[in-house]
Amino acid sequence: MILIPCPNCGPRNSSEFTYEGENKERPNAATVTKAQWRNYLYLKNNPLGWTTETWYHSSGCKKFLVAERHTMTNEIRSTKALGQQGGAS
Amino acid sequence: MSRNKPVKYSALGLFKRGLSGKEWPRVWRDVDLKKTYDVVIIGAGVHGLSTAYYLAKNHGVKNVAVVDRAYVGGGGSGRNTAILRSNYLTPEGVRFYDRSVDLYRHLAADLNFNVMFAPRGHLTLAHNDGALRTMRWRAEVNKVQGIDSEVIGPEEIKKLVPYMDVSDDTRYPILGALYHPPGGIIRHDAVNWGYARAADAMGVEIHQKTEVLGINTAGGKVTGVRTNRGDVSAPIVINCTAGWATLIADMAGVKLPIITHPLQAAVTEPVQMFLSSVVVSGSLHVYVSQTDRGELVFGASTDPYAAYSMRSSLEFTEELAGHVLELMPSISKMRVLRQWSGLCDITPDFSPIMGFTEVEGFLVDVGWGTYGFKAGPASGEAMAQLAATNKTPEIISAFDLARFEEGRLASERGAAAVGH
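Each protein sequence line maps, in turn, to chains Y and D. At position 35 of the first sequence (counting the first as 1) the number is 347 in our numbering, and the numbers step up by one without a gap. At position 279 of the second sequence (counting the first as 1) the number is 292 in our numbering, and the numbers step up by one without a gap.
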């Protein structure tokens, strides 16, 4: 079990969280082309190594957090609350 | 090119060897890596080996190297739960997987290798109305394609699997099941070894412990691969890896819509045969079958986050055991012998990616999620045809890489994975 240090609740089991996936910059919907939008939807880096991703503390504080995790060792070296807490409440 | 003449396996041969006590020869050769090949295949799993086999057998392309960073069948091809079936949801998917089951049916004779195919029947349980509706839908799609598949009720399930708890007083009562008699299990290692031996016999070279470190391209065309044993040039390079598919594709500058998730499985101690069918429950995230050795093989859904780690976890075993016991409470005294995990390349539509990329000569046979092993022969046959003729065969035309850009996904979400 991975322990995820939630910025609000402290270290908690990963089973309390919902995995949202790798962080990616969302293109501007007003100017985006079809190809760019599909890239945003489907293409991930899927790296072997450190990755920055979002988790949702669904069985806890119900806030989103951003974690840096290593995809081979599952070590988490940092977590922080997601910027604007969008959609969390 | 040197041809290898393997010993033909037969009952009489076995008897003679038993009497003479003569050693069995090596099953495939170990040879030096050459500087150039017609085709280099990355990944010596069922997909890579079957592609090489059909290239040599159906198209006469024998100057082929299959390279693997580890050993034959050490990845997903030796870590899956060896279930075969063709009762998918889209007509393209059903057609494709049925071709694979068909090839598996005759594989032992084709390869002169006992692959222990056992078409014991396959049950996908429905625990709610939504699931039952999907089963009916699948059954109708299957029947139109000529595949034996039907929805059955709890009494009939009880007849097929007497130890199943089909009563109403469980947390998730069983409402029915999709019954697919041609489905079954096979010995996955034997399939890998059989393909390796048969391909080797026709002149294909299998290079284990040969890691691809880079892919050479020039002017948008592939020219070869760099390995830990030196550079190799080839006009066609096929990426047949699972788990590492995106890392290999990155070397050629090709981006794939794939996320890698681990999937865990476990086996119990062997007991006398009591479970003939393969039992799958999407709601309970579990599938069970009993091998010819008597062990129960359990698989689950993929781990809920992307990772390349192949470590097993205790919470998996606990959850799995809980779910299995909901289906069959009477096996609670059985002990788990071992557990392991493998890597699954998940695509957005739960269908594989086979065919050309924007780099000429760099072909992919990837994105095999949780359904790669059962597709091995059909994908090898189709990829061999594609590589030999430079044209996409009809049977895999729905699964090309361009479908994501062009917005024509082939969604198998309802039939390809458990727990979705």
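These aren't lab readings, by the way, just hints derived from the structure by calculation. Please note: incorrect hints may appear among the correct ones.
Restraint ranges, calculated between C-beta atoms of paired labels, are given here [said to hold, decoys possible]:
1. Y/Thr345 <-> D/Gly335: 27 to 35 Å
2. D/Lys172 <-> Y/Asn340: 55 to 63 Å
3. D/Glu407 <-> Y/Thr345: 42 to 50 Å
4. D/Lys48 <-> Y/Gly372: 30 to 38 Å
5. Y/Pro317 <-> D/Leu46: 46 to 54 Å
6. Y/Pro317 <-> D/Asn71: 35 to 43 Å
7. Y/Thr330 <-> D/Trp353: 47 to 55 Å
8. D/Lys18 <-> Y/Gln348: 51 to 59 Å
Which bits of chain Y does chain D cover? Going by a derived footprint, with three or more residues having C-beta under 8 Å, they are [claimed, not checked]:
9. 325–333
10. 368–380
Predicted model, so just to flag it, every value in this text is computed and none were measured. Ideal Cβ placement from N, Cα and C applies to all residues, glycine included.
Cross-check of the supplied hints:
no.	hint	verdict
1	Y/Thr345 <-> D/Gly335: 27 to 35 Å	48 Å, violated
2	D/Lys172 <-> Y/Asn340: 55 to 63 Å	60 Å, holds
3	D/Glu407 <-> Y/Thr345: 42 to 50 Å	31 Å, violated
4	D/Lys48 <-> Y/Gly372: 30 to 38 Å	58 Å, violated
5	Y/Pro317 <-> D/Leu46: 46 to 54 Å	47 Å, holds
6	Y/Pro317 <-> D/Asn71: 35 to 43 Å	55 Å, violated
7	Y/Thr330 <-> D/Trp353: 47 to 55 Å	26 Å, violated
8	D/Lys18 <-> Y/Gln348: 51 to 59 Å	56 Å, holds
9	325–333	holds (count 5)
10	368–380	violated (count 0)
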